[in-house]
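Engineer: Sequence:
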Amino acid sequence: MVECIREVNEVIQNPATITRILLSHFNWDKEKLMERYFDGNLEKLFAECHVINPSKKSRTRQMNTRSSAQDMPCQICYLNYPNS
Numbered sequence: 001m002v003e004c005i006r007e008v009n010e011v012i013q014n015p016a017t018i019t020r021i022l023l024s025h026f027n028w029d030k031e032k033l034m035e036r037y038f039d040g041n042l043e044k045l046f047a048e049c050h051v052i053n054p055s056k057k058s059r060t061r062q063m064n065t066r067s068s069a070q071d072m073p074c075q076i077c078y079l080n081y082p083n084s
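Each residue of the sequence shown is one higher than the last, beginning at 1 in the UniProt record's numbering.
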């Protein structure tokens with residue numbers, strides 16, 4: 001099992017946990033997984049496996065990146081303070 005995950009990860013380079021879930025979905029058939037992975041519809045594949053696409057930036061990460069360069073408003077008085 002671990003060797004199978006490692007072999008697939010050498011090609012698709014996802015976190016091992018996600019690779020394990022994908023392999024489990026395809027009954028540990030590496031060829032079938034690779035076929036679907038490279039058919040060009042990753043969003044559909046991850047949705048079918050009930051997994052969030054790891055290559056997609058999460059919304060919270062985008063928000064954190066955006067807000068880190070701006071001042072943070074105080075939640076009590078609504079004055080802006082430098083984000084530190």
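Just so you know, the hints here were simulated from the structure itself, not pulled from any lab data. Check the hints yourself; a few may be wrong.
As the list claims (entries may be wrong) - In silico lysine-lysine, BS3-like type, Cα no more than 27 Å apart, as pairs:
1) 30 - 44
2) 56 - 44
3) 56 - 30
4) 56 - 32
5) 44 - 32
Engineer: Now tell me, hint by hint, if it's right for this structure.
Structural biologist: Cross-check of the supplied hints:
Distance check on the hinted pair: residue 30 and residue 44 sit about 18 Å apart at the alpha-carbon level, within 27 Å; holds. Note on residue 56 and residue 44: the hinted pairing holds, with a Cα-Cα distance of about 13 Å set against a maximum of 27 Å. With a CA separation close to 23 Å, the supplied pair residue 56 and residue 30 stays within the 27 Å bound. At roughly 23 Å between alpha-carbon atoms, residue 56 and residue 32 fall within 27 Å of each other, so this suggested pair holds.
Proximity of residue 44 to residue 32 is assessed by CA-CA distance (about 15 Å); at most 27 Å being required, the pair is judged to hold.
The structure meets every hint from the earlier list without exception.
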